[in-house]
Amino acid sequence: MLKVSKLSVSYAGAPIISDLSFEVPTATTLAITGPSGVGKSTVLQAICGLVRIAEGAIFIDDRDITQLPTHKRGIGMVTQSNDLFPHLTVSQNIAFGLRLRGTSPRETSDRVEEMLELVGLSDFAHRDIHSLSGGESRRIAIARALAPSPSILLLDEPFTGLDDETRDALMHQVKSILQSSSVTSVLVTHDHSEADFLSSSSLALVS
Amino acid sequence: MAERVESNTAMTTRRLLSFLPVGFVAVFLVLPFLNTVATFFSVSTSRDVLSDPSILRILWFSLWQAVLSVLATMIFAIPATWALSRFQFPGARLCRGLLTTPFVLPSIVVAAGVLAISQRTGVISILWAHVVFNVAVVLRIVSPRWALLNPRYEESAATLGASPWQTFAHIMWPNIRSAVNSAAALVFTYCFTSFGVISIVGGFSRRTIETEIFTQSVRLGNTDVAITLAVLQMVVVLLVFQISRPSPLQTTSTHVSSAPIPLHTKPRGRWIVLVSVVVPVIVVALPLVATLIRSISYRGRLSFHAWSSVLGGTLPQLTVSTWRVIVTSLLFSLATAILAVALALIAAQQMGRQWFHYAEQHRILRFVTSLPLVVSAATLGLGIVITYNTDPFAWRSHTWLIPVVHALIALPVAIRILEPAVQAIPPSLRVGAALLGASPWHTWLRIDIALLRPALLRSVGISAAISLGEFGVTSFLTRSNSTTLTMAISQLLGRPGALTQQSGYVLASLLIVLTMGVTSRA
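For the protein sequence lines, the chains are L and G, in the order given.
Just so you know, the first sequence maps onto residues 1 to 207 in this note's numbering.
Just so you know, the second sequence maps onto residues 1 to 522 in this note's numbering.
Hints may contain errors.
Listed below are several chain G residues computed to face chain L (Cβ distance under 8 Å; list not exhaustive) [what the hints assert, rightly or not]:
| id | residue |
| --- | --- |
| 1 | Ser428 |
| 2 | Val431 |
| 3 | Gly437 |
Hints in this document: simulated from the structure, not taken from any laboratory.
Treat the numbers as computed from the prediction; the structure is a model and nothing was measured.
In this text, a Cβ means the ideal position worked out from N, Cα and C, and glycines have one as well.
Bound-form chain L, shown alone (with noise of 0.2 Å):
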């Protein structure tokens, strides 16, 4: 379960967030809207302690996890711009969180394995990061977040600048993939639409 507890952030002295509390139980999915500028990114920056937080505390299962490093809080995250890493491939992409947690090479190609079935590109480990269209490029970088198994999956604005039709597949792909995985997840997104499909509860962030 991830549990955000009066969380306020604040840039120059002027607030973004002031006093958020929210919880999202294990294996379900909150949805948080709202206008553009609200601050929905800033919530899942201050999850992933990407932001200095000027009150409040996040927990992971009861675990407060706000004065530790983003390295070491377990959370996956994926965002519209992707940011595989260029000078990997595909499955090198994917093998870089668990090859950081000293997981054997077996295990880890078995995982990198099991995680392109997941994502529908079982053929694509050795393929460039450079040859992949925008559809696969953020298949890809769900399945590098997924792959270590964190506790937490942020999704922030994931189908943001795919066509209708990738978007839509992509949709559905990663309704299956949550529903399966089981991994307690925060969607940011301005689409009501994505959130209603998606989310088993919703948030909406007002200026």
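Fit chain G to the given chain L structure using the hints.
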């Protein structure tokens, strides 16, 4: 965007790391220079020096040979830059490579090559050697600017009745002027502070401020005169940079980059393009070819005797074996590359990553690490010899000081190679790595270093080449047990005897090969 998280440890580490390159430049450049000025500079000596007719003649010669060198360089470089930026033809890449390579070659090798052809010292030889080096400077600075100039502007001008010359004057020149000015300032500085070229092809009668600083301080022991000349030289260099600074108007024009067009599509005047490239290539390549030819010719006949003497290890004219000279140069270049690139990487990562809070700190870091570009080799050598001469800092006789000072000279160049590469790494990749569990150390190693590999190889190559070819500061610091290739070449070419001279050309040829070798991946 909210405030990015950075731990106290990271912040402290960042500040301490910034101190390393700044401290390095402070210890080996700023402190020696200030100490020398404070100790030896006096108004009365300066007045005497500036009213001495022989010094004024040297100042006048330094200025006009530099101005002529700039003009001569532009005569060859501007047409070549135009042709290579505008047109595509078989061999264009090779020609560009031939024109840009001499920039990394040791000045002493180029000077030796010119001497091999002209067989005489003097102004023509000086100008030729300066042209060989500096065509690359103009090509590298002006070519990207020319490539940004849309060819349609020229076509429009032509349809409006402008002749090719009018098109150049009214369309092209206003757009490339700031880049040409910057290149001219840099070329002027290189020629005004040139040491190796003047030492080899200047002869006894041709002295510049740079060579005079060496003569006054090392040969005559007139340190106060030398430091006055060093200050004077620096004032001229700073003045030139100030005058040539581009105005905001000159830098704000926007263009669309255009690829060179195939030469065969040019309706007429194709020979002008080819001549524009071929003539500079001949001028630049000839001295290098001459060096190689001179290394295998003895009194007009083919002879490998000098090669066998050099490779055999002993030359009576040198106090140490030739192999030791080669190994010393290679070890110095290796140490230089390691030190310069390590410090440059620290500086580039500090400046290249957009840390909002550290803008002021970055400005200081950029300013201090640029200082080696404006201080001439002789000034640097003089400062070090004087400052680090007494215990507990009597470092001037230590061999390690030579690669350290070479690294100081290579530092700004290495930073300029690495900084754009650091800036090109999207910060989101580091965030992505952290989210996957990578610690800051792992992120640096697996993302930053992995992506910086080509730029790192390039900066290692260029730093090593700078060390291999360095002659000015090395002249101040070298001892017989630390003789480098450039020093050995200078000693051999400065002595009479056909075989001695030929041996000098053999070492110069070896230096060309070594420099090409270390920069092959650059």
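Hints versus structure:
no.	hint	verdict
1	Ser428	holds, 4 Å
2	Val431	holds, 6 Å
3	Gly437	holds, 5 Å
Going down the numbered hints, you'll see the structure goes against none, and every one checks out.
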